[in-house]
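Just so we're aligned: 31 in the working numbering is position 31 of the sequence shown, and the numbers increase by one with no gaps anywhere.
Be aware that one or more of the hints could be misleading.
[Stated by the list, open to error] Within a straight-line C-alpha distance of at most 20 angstroms, the following computed PhoX-like cross-link-like pairs (lysine-lysine) qualify:
hint, residue 1, residue 2
1, Lys17, Lys96
2, Lys96, Lys27
3, Lys72, Lys27
4, Lys22, Lys72
5, Lys27, Lys17
6, Lys61, Lys96
7, Lys61, Lys22
8, Lys61, Lys27
9, Lys22, Lys96
10, Lys61, Lys72
11, Lys68, Lys27
These aren't lab readings, by the way, just hints derived from the structure by calculation. Computed from a predicted structure; not experimentally measured.
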Amino acid sequence: MSQDSAALEEFGNQFVKWYYNKFNQVKEDIIPLYRPESLVTFQENMITGLMPNGRLSIEDKILSESLKYMMKSPTTWTIQPSISNTVLICVQGTCKMTPEEAEELGFFENFIIGMEEGNFVILNQIFSTSSV
């Protein structure tokens, strides 16, 4: 990945817009970004590896009933180059677990994005909610 600050900023902006649009509309579309060695922490629960059925563990979480209607709205994000040609993206925003839910929760989400065989992959991700 380019370490050029303008290119890095553009990549980060495009990633955030694409990821959250897909998360909110077609969650299945984000699954190819994960690998068996990807490490995701969702509300203090670490998820990595494959299920006995061969599916990614994170796929089961993303497509779970508890996240089926979850909507995330990013409000601010910061992009930094990181080690080994990766990118760190830190996002803040609000989320709702269901469209009918009146109360929005604040959230923090961090990604480390790398390249594998010419494709972007999520190597690490941490998601946590907080009161707004």
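Cross-check of the supplied hints:
1. For the hint linking Lys17 to Lys96, the alpha-carbon distance of about 18 angstroms falls within 20 angstroms, and the restraint holds.
2. For the given pair, Lys96 sits about 15 angstroms from Lys27 by alpha-carbon distance, which is consistent with the 20 angstroms threshold.
3. At most 20 angstroms may separate the alpha-carbon atoms for a hinted pair to count; Lys72 and Lys27 meet this at roughly 12 angstroms.
4. The hinted pair formed by Lys22 and Lys72 meets the criterion: a straight-line CA distance of about 10 angstroms does not exceed 20 angstroms.
5. For a cut-off of 20 angstroms, the pair hint linking Lys27 to Lys17 stands: about 14 angstroms separates their Cα positions.
6. Between Lys61 and Lys96 the alpha-carbon distance is near 16 angstroms, which keeps this suggested pair within the 20 angstroms criterion.
7. Using a Cα cut-off of 20 angstroms, the hinted pair Lys61 and Lys22 holds, with the two alpha carbons roughly 15 angstroms apart.
8. For the hint pairing Lys61 with Lys27, the CA-to-CA distance comes to about 11 angstroms; that is within 20 angstroms, so the pair holds.
9. At most 20 angstroms may separate the alpha-carbon atoms for a hinted pair to count; Lys22 and Lys96 meet this at roughly 16 angstroms.
10. Proximity of Lys61 to Lys72 is assessed by CA-CA distance (about 15 angstroms); at most 20 angstroms being required, the pair is judged to hold.
11. Annotation: proposed proximity of Lys68 to Lys27 holds, straight-line Cα distance about 8 angstroms (limit 20 angstroms).
Violated hints are absent here; each numbered hint is respected by the structure.
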